[in-house]
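Chemist: Listed below, chain by chain, are the residues.
2 protein chains.
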Amino acid sequence: MKKHYEENPWLIVEEGFHPDMQLSSESIFSLGNGRMGQRANFEEDFTGSTLQGNYVAGVYYPDKTRVGWWKNGYPEYFAKVLNAANWIGLSPIVDGEALDINSAEVSDFRRVLNMKEGNLQRSFIAELKNGIKLKVDAIRFLSMVDDEAAVVRYCVTPLNYSGPISFKVYIDGDIINQDSNYDEKFWAEVSKSISNDEAYVTLATKKLDFQVCTGQKINVTQGGQKVSFSSDQKEKEKYVENTITVDAKEGEEVVVYKYACNISSENHPKTELNNRAKTVLANVYAKGFDQMLAEQQSAWAKRWEMNDIVIEGDVAAQQAIRFNIFQLNQTYTGEDPRLNIGPKGFTGEKYGGSTYWDTEAYCLPFYMLTSGSKVAKQLLLYRYRQLDRAIENAGKLGFKDGAALYPMVTMNGEECHNEWEITFEEIHRNGAIAYAIHNYIRHTGDRDYLKEGGLEVLLGISRFWSQRVNWSSAKNQYVMLGVTGPNEYENNVNNNWYTNYIAKWTMSYARESIEYAKSDSAFWSDFVAKTSFQESEVEKWSDIIEKIYEPKKEGTKLYMQQDGFLDKEDLTAADLDVSERPINQHWSWDRILRSIFIKQADVLQGMYFFEEDFDEDTIRENFLYYEPRTVHESSLSPCVHVVLAAKLGMHAKAYEMYLRTARLDLDDYNHEADEGLHITSMAGTWMAVVEGFGGKRIKNGVLSLDPMIPDQWTSYRFNIVYRETVLSISVNGDGVSVKNESGDACDILVYGKSVSVPQGETISVTK
Amino acid sequence: MKKHYEENPWLIVEEGFHPDMQLSSESIFSLGNGRMGQRANFEEDFTGSTLQGNYVAGVYYPDKTRVGWWKNGYPEYFAKVLNAANWIGLSPIVDGEALDINSAEVSDFRRVLNMKEGNLQRSFIAELKNGIKLKVDAIRFLSMVDDEAAVVRYCVTPLNYSGPISFKVYIDGDIINQDSNYDEKFWAEVSKSISNDEAYVTLATKKLDFQVCTGQKINVTQGGQKVSFSSDQKEKEKYVENTITVDAKEGEEVVVYKYACNISSENHPKTELNNRAKTVLANVYAKGFDQMLAEQQSAWAKRWEMNDIVIEGDVAAQQAIRFNIFQLNQTYTGEDPRLNIGPKGFTGEKYGGSTYWDTEAYCLPFYMLTSGSKVAKQLLLYRYRQLDRAIENAGKLGFKDGAALYPMVTMNGEECHNEWEITFEEIHRNGAIAYAIHNYIRHTGDRDYLKEGGLEVLLGISRFWSQRVNWSSAKNQYVMLGVTGPNEYENNVNNNWYTNYIAKWTMSYARESIEYAKSDSAFWSDFVAKTSFQESEVEKWSDIIEKIYEPKKEGTKLYMQQDGFLDKEDLTAADLDVSERPINQHWSWDRILRSIFIKQADVLQGMYFFEEDFDEDTIRENFLYYEPRTVHESSLSPCVHVVLAAKLGMHAKAYEMYLRTARLDLDDYNHEADEGLHITSMAGTWMAVVEGFGGKRIKNGVLSLDPMIPDQWTSYRFNIVYRETVLSISVNGDGVSVKNESGDACDILVYGKSVSVPQGETISVTK
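Chains A and B, in that order, are what the protein sequence lines are.
Under this note's numbering, the residue at position 556 of the first sequence is numbered 556, and the numbers go up by one with no gaps.
Under this note's numbering, the residue at position 604 of the second sequence is numbered 604, and the numbers go up by one with no gaps.
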């Protein structure tokens, strides 16, 4: 854990230039607008350590799967998040020397991520090797309003110099991907053009032929007056550059405005990309920087209105939750049905693909309760549209008759991960996709979604489970062999309790949903015709539901993570030397596998999802056994533990876990922020506040709140959309007040008691 | 299974040209002399399907390990068997058209591998597109006497043409490796030279800088008379060519003799390679083809004298056993301590590396009992010399205090495999290396080998086992978690019985060996000082030996392959549809893993190694349970089953398994002969005859024979070296006769009775 950034409720601030932290800071200060995103690379030339990152949503590269020995069923490709053209390039050159803060003497360096307004600011004074001192103030943002456009305002004040300063303003498409095989380049040039104040490069990915036109349009002012210039124009392969020279005066600001855009063939015909780029740039250029900035501020203000969580009395916690919410909103806006929430968003290349079970298990609640049911439904429909691919995927593994196995990772429904122990075995993901349907319906009341796709998905997944189990004559029960549970520090285990349980639950929920759907006879006959559904399938499910094996420790309430778990050497994380942590960076893989240490909630993930199925003693006994054996080396781990610990009244543990999830990247708990941020687990942080401290549940179809407050806080406040009503919930040491911000009167449970909250009113309940 | 080659006791014969079988035939007709080897590619230009393969012993390429997600402890590289310069190139050109039997009209095609004499012959008539008919008779071999040299005699008779015929005689070093990443080339040119009748290319591998100088020297005769010629000389990168044109006469033979050599920097200073090549070529050129051929014949005759197994009454079985013995002798001669027995020998690229546990478990008995104790000891010392690396390897995985884990695959002692489930988990290999020491000592009586390295190896391996187990408080026994047994259709299982048993056995044998070694106090004090051995280590071993868990089915004599095995769906291989076999080509990996099907002997491997520890009923019960569930998709599987079936009196099963092992490649049981031959399992075929049918055992330090004979055979005969005495053993339906071919009188057991065989005499025992 590192404390590096200043604690501030609305800003992330870095004071002083820290080259050793540059890679992490590039992740932390990332910007995005759902359509594109960018690591916080510097505009100017930089010879220090950096991971260049510019990403355009939906654009990926199907890199040939790399394995030692090919095995049947392996996916053909691993979908790489593709680093795209660098469009921020803007480098001042004075007296023949380019500003490079790696080699210059830098002082007064300050970098600010303004989460409230959605921009990145940076200022510093640099003394070049030639002795010339420049003061730089830069600000940039990716527009939430014009989501194909972005702008940089780069202001240079020479402090001890008058004379020419040149600005090399460029787009560089000749970029590399960090994890490319053998340093292959993934982009080829399609076309480019350049004029005095504009330049465009259109690039195509070497496979799949995604095309992106990146453009820039430049304006320069000096002493507040527009400067007319005649730029030097330079073209190289995949590269265009306008160099503009200004006769600068000591103490007088020169400001370069670089308007930029990324236009993707995902959204426009390939033949139209360049025209569209010109239109977009002309539009934002006409608006000008100040208007764009004002629009950006108000777009973010609108987001915060609904999304914000206010924590009083604990700046670190306040900053952290806003950071997570900010990054989630930068990553996914819910506007494009083809997009999803990549685990690193637009902040790094690691993991590849865009859609993991993280979406259903962690992200859905956040978007559902802050952006509303439409966005949540969009996420469900994303999977429904990919059902055919999931059936194909199961077919490749030998399943049949409409069984569906959703991919571990995907861009378009095809599996694109590359380890058998994950791709083939980490099948609990299928359960999370079924669970999300249930979770959506119980929150929104939109049971008709079953008929709009939900039931087909449930059927496909249930068919998979029923084929995936086998009868054990030794146990006289159904078993599920060869799986990987959520705890990926185990591979190829038998009878992972969580997987067995969610399989059973899916079949049971599918059975119940079928009964519901049958009442609509027109729908039902279409459904049977389309899916070749047979009643005998439900009979088979019922048999499995009744007879599936759940490993348990005799004489206790402990569910066993998998068969043989008790054979492990019994240690707790407290037995580990701090120098060995995280174990995934210090231990060999086989040692991790055979150790007792748990990467993330596994049995406890089941207790979290299906809390109502277990009495509190059972949850407590399992929590007390598993949590101390958990090393939380998955970003998805702590949040689930917050929710359970809060429920169990273990407030100190809940708060400890909260800081770990909320400040995971800011304080770099797992020593990996340099690779990018843990976007999907950020939704877990929101969940930790709302479900953990706030005690939000749905009980028998009714919203229930059972809030507690960490000792360190004086109060906290969050909003949720519940059945189209926005509720603003404030908690302090005395109790909770709930304000109905819109909609009809709303009946909810608070501390177990029924309460009605009339429109526009606030009710308070003391604990 | 395909029957393609003519059955013949000493020859492998292919009649007719079969382009669809070319890849397999290139494997089958491979040549080697222990120092280098070659697939049966054609000399002339060939546009059909082919896998070029020329290999030089000890030369490899450390190709960057390819995995999806890097894990701690992974080996840095995968050692590729490197395809080297093609030195057989010799292409006739008539009237501007090069002979290409893929495009010519070919008749009378016949290819013969003469196993008795160690050469490859090929003859055919080709009608070119220009109407010219050529009769070709080619023969080539890699000299067993001059093991850096080889020769091609290429005879062309024009059948309907008189006029110029050109012969393009070349060395092409611009070759590709089948499995290179992204078609990288692995060789760079160092130098080349060419003169009228000689040419040389020296190449270096791009990593590790192995250098090989390949040379050719040419002689031409016409109508039996030497032709003087003036060649056209051509050089390209990594390529040299002499083209010789002869004024041919219809019906008259033109013979091109191409003497060739491969001189490796493994054996000579780099600066001397070219000189050495010239010397070698001058020498064989002076000898001439006929003398080389005669020397080759007598070298092979000498090998066969000791190695041959004669089977009367079953040509298919006879041919097969000789094919296996022939290939084993082509692969490894026991002369170079740095070399070992690669799983594909010199016949293909697959698998990489050169040394697997195959050497100790399967190959050692063959070389020990046909080539004698010196070669066997060489194989043991190979591992002893790599002990430091094995300790390093264990260290990378977190083991300490001198624990040794030998690599799954290696060239020089470093691990160079690339799958965690094998590299990290298939640790039973360590046991086979310990077992080989025991096996060597019990056959040779050379117990002093313990002091020459054996004991250090046993200590290192025992230290590994004692750290690798852990105490299970649930079982109140030691367990071994997260392993892969010999049956690689399971991964990451707990308590693989075979692994637990061989671990226990190793510690027990090490304990006993330490007691023996202590009696030599000078050795012992050095040993303790060198290894930091402590008595408490043996105490720990004793505790583990006593308390290690062995999974067993209650109420039976069945050892369970691993924990949870009985949870699998209970099927036998007979339940499989023939279209699904081999399952590894038809099923997804996860389906294979969770199925009951066994790739190769696992529990039965233990019954084979430690037969004396189990009563016959136990072996029978385990055989009857496991064999029907075994799909024998490892080439190492059937031989072990022959030995056990023969012991159990299951003659039909033994014979079925014998054909499967002996004719595995000739009849291509597993549909993969195109990739190369299964060299190491060929030793298993020898074992199947000698230990299976011959019933050869060591019982209380005495050689014991208990032969049976398959119904299909009238008699069979084999030789073994037993304590420096050569015994020739003949078996027929009546019984066995044993001739003492050398040495002192020899006391052995035959059918359980003590028998003395005086020098030079034959004793016969009726069953």
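A portion of the hints provided could be inaccurate.
The list cannot tell twin chains apart, which means a pair is met if one copy fits it or any two copies do.
[As the list claims (entries may be wrong)] Below are the DSBU-like pairs computed for lysine-lysine, each with C-alpha atoms no more than 35 angstroms apart in a straight line:
| # | residue 1 | residue 2 |
| --- | --- | --- |
| 1 | Lys168 | Lys400 |
| 2 | Lys116 | Lys3 |
| 3 | Lys396 | Lys3 |
| 4 | Lys552 | Lys699 |
| 5 | Lys739 | Lys249 |
| 6 | Lys475 | Lys653 |
Everything labelled a hint here was simulated from the structure, so no lab data went into it.
Chemist: Among the hints numbered above, which are violated by the structure, and what are their numbers in rising order?
Modeler: Hints 1 and 5 not satisfied by this model.
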